[in-house]
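Undergrad: Here the structure of chain A is known, so what remains is to put chain B in place on it, guided by the hints.
2 protein chains.
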Amino acid sequence: MNQLFEQLQPYLDKSIAYDAALTLLNWDIETLAPKTAISNTSKIIGLLSMESYHTLVNPEVKDLITRLSVEQEQKNLTEIQRVIVRKIKKDSDTMDKIPAKEYQDYSELVASSSSIWAKAKESNRFEDFAKTLEKLINYEKKFAQYCKKENETIYDYLLDKYEEGMNTAKLDIFFDKIRSVIVPLLKKIVEKNKVIDKSYNSKSYDIETQKKFCRFLAEYIGFDFNRGVMAESAHPFTTHLHNKDVRITNHYIENNLESAIFSVIHEGGHAIYEMQIADDISLTPVGTGTSMGFHESQSRLFENHFGRNKMFWIPLFDKLKETYKEQLNELSLDDFILAINKVEPSFIRTEADELTYPLHIMIRYELEKQIFSGELKIDELADAWDKKYEEYLGITPPTRTLGILQDVHWSCGMFGYFPSYALGSAISAQIYSDMEKKFPIETYLKESNLAPIHDYLKENFHKYGATKTTNELLIAATNEDLNVDYYITYLTKKYTELYNLDENLK
Amino acid sequence: MNQLFEQLQPYLDKSIAYDAALTLLNWDIETLAPKTAISNTSKIIGLLSMESYHTLVNPEVKDLITRLSVEQEQKNLTEIQRVIVRKIKKDSDTMDKIPAKEYQDYSELVASSSSIWAKAKESNRFEDFAKTLEKLINYEKKFAQYCKKENETIYDYLLDKYEEGMNTAKLDIFFDKIRSVIVPLLKKIVEKNKVIDKSYNSKSYDIETQKKFCRFLAEYIGFDFNRGVMAESAHPFTTHLHNKDVRITNHYIENNLESAIFSVIHEGGHAIYEMQIADDISLTPVGTGTSMGFHESQSRLFENHFGRNKMFWIPLFDKLKETYKEQLNELSLDDFILAINKVEPSFIRTEADELTYPLHIMIRYELEKQIFSGELKIDELADAWDKKYEEYLGITPPTRTLGILQDVHWSCGMFGYFPSYALGSAISAQIYSDMEKKFPIETYLKESNLAPIHDYLKENFHKYGATKTTNELLIAATNEDLNVDYYITYLTKKYTELYNLDENLK
Numbered sequence: 010m011n012q013l014f015e016q017l018q019p020y021l022d023k024s025i026a027y028d029a030a031l032t033l034l035n036w037d038i039e040t041l042a043p044k045t046a047i048s049n050t051s052k053i054i055g056l057l058s059m060e061s062y063h064t065l066v067n068p069e070v071k072d073l074i075t076r077l078s079v080e081q082e083q084k085n086l087t088e089i090q091r092v093i094v095r096k097i098k099k100d101s102d103t104m105d106k107i108p109a110k111e112y113q114d115y116s117e118l119v120a121s122s123s124s125i126w127a128k129a130k131e132s133n134r135f136e137d138f139a140k141t142l143e144k145l146i147n148y149e150k151k152f153a154q155y156c157k158k159e160n161e162t163i164y165d166y167l168l169d170k171y172e173e174g175m176n177t178a179k180l181d182i183f184f185d186k187i188r189s190v191i192v193p194l195l196k197k198i199v200e201k202n203k204v205i206d207k208s209y210n211s212k213s214y215d216i217e218t219q220k221k222f223c224r225f226l227a228e229y230i231g232f233d234f235n236r237g238v239m240a241e242s243a244h245p246f247t248t249h250l251h252n253k254d255v256r257i258t259n260h261y262i263e264n265n266l267e268s269a270i271f272s273v274i275h276e277g278g279h280a281i282y283e284m285q286i287a288d289d290i291s292l293t294p295v296g297t298g299t300s301m302g303f304h305e306s307q308s309r310l311f312e313n314h315f316g317r318n319k320m321f322w323i324p325l326f327d328k329l330k331e332t333y334k335e336q337l338n339e340l341s342l343d344d345f346i347l348a349i350n351k352v353e354p355s356f357i358r359t360e361a362d363e364l365t366y367p368l369h370i371m372i373r374y375e376l377e378k379q380i381f382s383g384e385l386k387i388d389e390l391a392d393a394w395d396k397k398y399e400e401y402l403g404i405t406p407p408t409r410t411l412g413i414l415q416d417v418h419w420s421c422g423m424f425g426y427f428p429s430y431a432l433g434s435a436i437s438a439q440i441y442s443d444m445e446k447k448f449p450i451e452t453y454l455k456e457s458n459l460a461p462i463h464d465y466l467k468e469n470f471h472k473y474g475a476t477k478t479t480n481e482l483l484i485a486a487t488n489e490d491l492n493v494d495y496y497i498t499y500l501t502k503k504y505t506e507l508y509n510l511d512e513n514l515k
Numbered sequence: 010m011n012q013l014f015e016q017l018q019p020y021l022d023k024s025i026a027y028d029a030a031l032t033l034l035n036w037d038i039e040t041l042a043p044k045t046a047i048s049n050t051s052k053i054i055g056l057l058s059m060e061s062y063h064t065l066v067n068p069e070v071k072d073l074i075t076r077l078s079v080e081q082e083q084k085n086l087t088e089i090q091r092v093i094v095r096k097i098k099k100d101s102d103t104m105d106k107i108p109a110k111e112y113q114d115y116s117e118l119v120a121s122s123s124s125i126w127a128k129a130k131e132s133n134r135f136e137d138f139a140k141t142l143e144k145l146i147n148y149e150k151k152f153a154q155y156c157k158k159e160n161e162t163i164y165d166y167l168l169d170k171y172e173e174g175m176n177t178a179k180l181d182i183f184f185d186k187i188r189s190v191i192v193p194l195l196k197k198i199v200e201k202n203k204v205i206d207k208s209y210n211s212k213s214y215d216i217e218t219q220k221k222f223c224r225f226l227a228e229y230i231g232f233d234f235n236r237g238v239m240a241e242s243a244h245p246f247t248t249h250l251h252n253k254d255v256r257i258t259n260h261y262i263e264n265n266l267e268s269a270i271f272s273v274i275h276e277g278g279h280a281i282y283e284m285q286i287a288d289d290i291s292l293t294p295v296g297t298g299t300s301m302g303f304h305e306s307q308s309r310l311f312e313n314h315f316g317r318n319k320m321f322w323i324p325l326f327d328k329l330k331e332t333y334k335e336q337l338n339e340l341s342l343d344d345f346i347l348a349i350n351k352v353e354p355s356f357i358r359t360e361a362d363e364l365t366y367p368l369h370i371m372i373r374y375e376l377e378k379q380i381f382s383g384e385l386k387i388d389e390l391a392d393a394w395d396k397k398y399e400e401y402l403g404i405t406p407p408t409r410t411l412g413i414l415q416d417v418h419w420s421c422g423m424f425g426y427f428p429s430y431a432l433g434s435a436i437s438a439q440i441y442s443d444m445e446k447k448f449p450i451e452t453y454l455k456e457s458n459l460a461p462i463h464d465y466l467k468e469n470f471h472k473y474g475a476t477k478t479t480n481e482l483l484i485a486a487t488n489e490d491l492n493v494d495y496y497i498t499y500l501t502k503k504y505t506e507l508y509n510l511d512e513n514l515k
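Sequences listed follow chains A and B, in order.
Each residue of the first sequence is one higher than the one before, counting from 10 in our numbering.
Each residue of the second sequence is one higher than the one before, counting from 10 in our numbering.
Pulled out of the complex, with its shape left as it was, chain A reads as follows (with noise of 0.2 Å):
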């Protein structure tokens, strides 16, 4: 092995160490701890995650890292060791630009915003949360500041924080392809009034017999319990300390059917990209998902464009039923998927249907733009917020609960965070359609024949981890670049079809 990189590994195997540790904790916080546990516990983890910062962030690191990213030097690495040395330079080059003592000022200012935003969203107040999120903002601009690119908005340098290479340019025809064509789609649907009877789903379903069947769903997907724990919190994620240790939680609803199995399938999506992780590379700063935005296209490739598709659920219909016998005597499979898919504009973002779903990050990602080219003073954010959502959606928040304030990312200094989640969507569409030019994938659902399909994610992506970025990852798959209209043409295919939009025509 390279002689510097060698002098690398142990502070490599620390960091990996410490993260494995926080993860656990703060997956056990979320799950299982104690409820007066959070105060001394949070001091192990604050404790914890100074000491892992530290461990990448220090002199002899970012020394090695110099050493190690000259040219001659290169040559001697490995493609994974070059991807390493790139991607601890990164991060050491970004704290190296910003004051010492402002980071921790952040960082206390951070920590303590979380509690003012889930007061202000409990008392309906914007104005109570108002100052935290203006400090918030200016960071975030002072930061930006200090190291983004000379010809770089303050922006674009956020979006390539989250995902790397994007920027402004692109979301923006992104967004106008899904302002024009989704936005008078939506519209269509509304107009039609199609009456899809969704009452099934808020019956009494008891919650011992939906843990039973979404851990049989879980398996069926592909979550393999012997490298995976499934757990319940209050609201579900994915976690992993590494490929063999891979963790995710749902959520019991006594009247709503639907949420824990969409959950489920979702978080499912999510670790089975994480499960799939090549072996050499599962305990190395790159052995984990590449980017956000691609890790929800593998959580929303399995919710729905397996998940919300009538072909999954052929083989799966009658064993539903048989579970909930007095619930579903009634339904029919059609009359279900029509359900599972049913459009309507609402107010928080996640429990949007697929089709509208964008929209609320459309929504997100015009005001972030505002907010940091300087358009939108924070005072005026909340009523922009409404009538965006007025203009998209057709509805109006009556609370700034159900409107600004609905979610804690800006509150957690994440801001160019939204997109990723839209570009998630678009990213399953491309590779579903891949996959469709490449195998006979709706056979393969209908047959419960999902190794083929674990397979070609594994060997065009998942096994990878973050040793390829996102478009990388697209460009040698489906030899192309992100391109929305994958995304545009599904969903308008899909929501023509369920709301028999053509028939006018005919």
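Simulated from the structure, these hints should not be mistaken for lab results.
Only a predicted model underlies this, so the values are computations on that prediction, with no experimental measurement involved.
One or more of the hints may lead you astray.
[What the hints assert, rightly or not] Cross-link-like lysine-lysine pairs, in silico, DSSO-like; alpha carbons within 30 Å at most:
| no. | chain 1 | residue 1 | chain 2 | residue 2 |
| --- | --- | --- | --- | --- |
| 1 | B | Lys23 | A | Lys99 |
| 2 | B | Lys212 | B | Lys503 |
| 3 | B | Lys52 | A | Lys99 |
TA: Below, chain B alone, put in the same frame as chain A:
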């Protein structure tokens, strides 16, 4: 705060954070982690263990501790700070005396020994473990030579490692009494041949019902689920992150009702100790039980003095019978109390009844003494073991698996550790006797009034954590050093009554 101690604080904090992370990783491996996680997670645990170890054993800390140990500085420290400094100094002095290379070789040997032992146990071949055992013993001897005081024997040094101030002089008196009183008492009981029907215990008990009842029982004895978690594992154990996150496990066997019941009371005793440690020492190196022997005294106090006491079951027995109507229909409280206290010489320490238990420990104590005095060679050990079982318990192990290979301890390098188990029983008897003098404990048990018992334990023992030694605690609370007579008297009285051994005298 003392300036020097302030410099030590970050090391203490880090050490606490690493230990908590390790505790959680180990808990998770035993209770939840997926099967295939172990190999990757072991690497993570290994790395964190090294980090944790070097946090307090390094030149900077050594220098601080040396400076904090001089008289002038000691005056400026609080009582708690002095104990912390003393504790770290002891560990650091030990490590100074052992050559690093030897310690590393030893650590590697220990890491591989358990699985060698486990295989030997499975195949009933002591000879497959003997060489490893000999190597381990030689390391223990060598290290003890480096570290022990001039006039101290090797075995005394080892005993003191697990229970500060313990030595063979004290333990000889201790076990002499056990030998002279308990062995004849056991013979009388065996000869009496009293029929005690324990058949209820092996009926079929639904696992889910057992879990519910054990959860109720844990809560009943004072396990606070707001600061504690209960889960399942192969062998029951207790662990903690801090005093607001204490965790116990249990195991459930369909045809053994007592197993889970007495395990949860036993682990509950350990847990209540950790839960009642004072807040201001919880996140420090002295924020845990003071010694293994004292910890065991708390679990046995709950398991034996409370849990096998008729007064304890008076308010609970109806609930037990109602829980298992069919199985316990015919059982009377008196028969139940007899059954849960039935004496039966057996091979396996962990399954022994309260009376024969100390004999199992005495055998290990006598053998360890002979091993470290050089009287006994490794190849004589297995037969020596069997002879002692014949002599003290009247039974001869038919296999090595049921004999010398039954315990994991030696393969972990734990020599001088077993006596703590018997010390725990003796301490619990002394504490119970002290309670009897101070308040109507049996009335409290009968009336489900456990709060004054918790208060007594908290104020006299628990809250101090490891800031006081076992002896300091005992002397302060009971006005005397550890005195085995309470234990002997307790066992004699209890079993004379239960087995009507006085009848012939009437």
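Undergrad: Please go over all the hints and tell whether each is borne out by the structure.
TA: So, going through the hints one by one against the coordinates:
With a C-alpha separation of about 27 Å, the suggested pairing of Lys23(B) with Lys99(A) holds against the 30 Å cut-off. With a C-alpha separation of about 27 Å, the suggested pair Lys212(B) and Lys503(B) falls inside the 30 Å cut-off, and the hint holds. Annotation: proposed proximity of Lys52(B) to Lys99(A) holds, straight-line Cα distance about 27 Å (limit 30 Å).
When each numbered hint is compared with the structure, no violation occurs for any of them.
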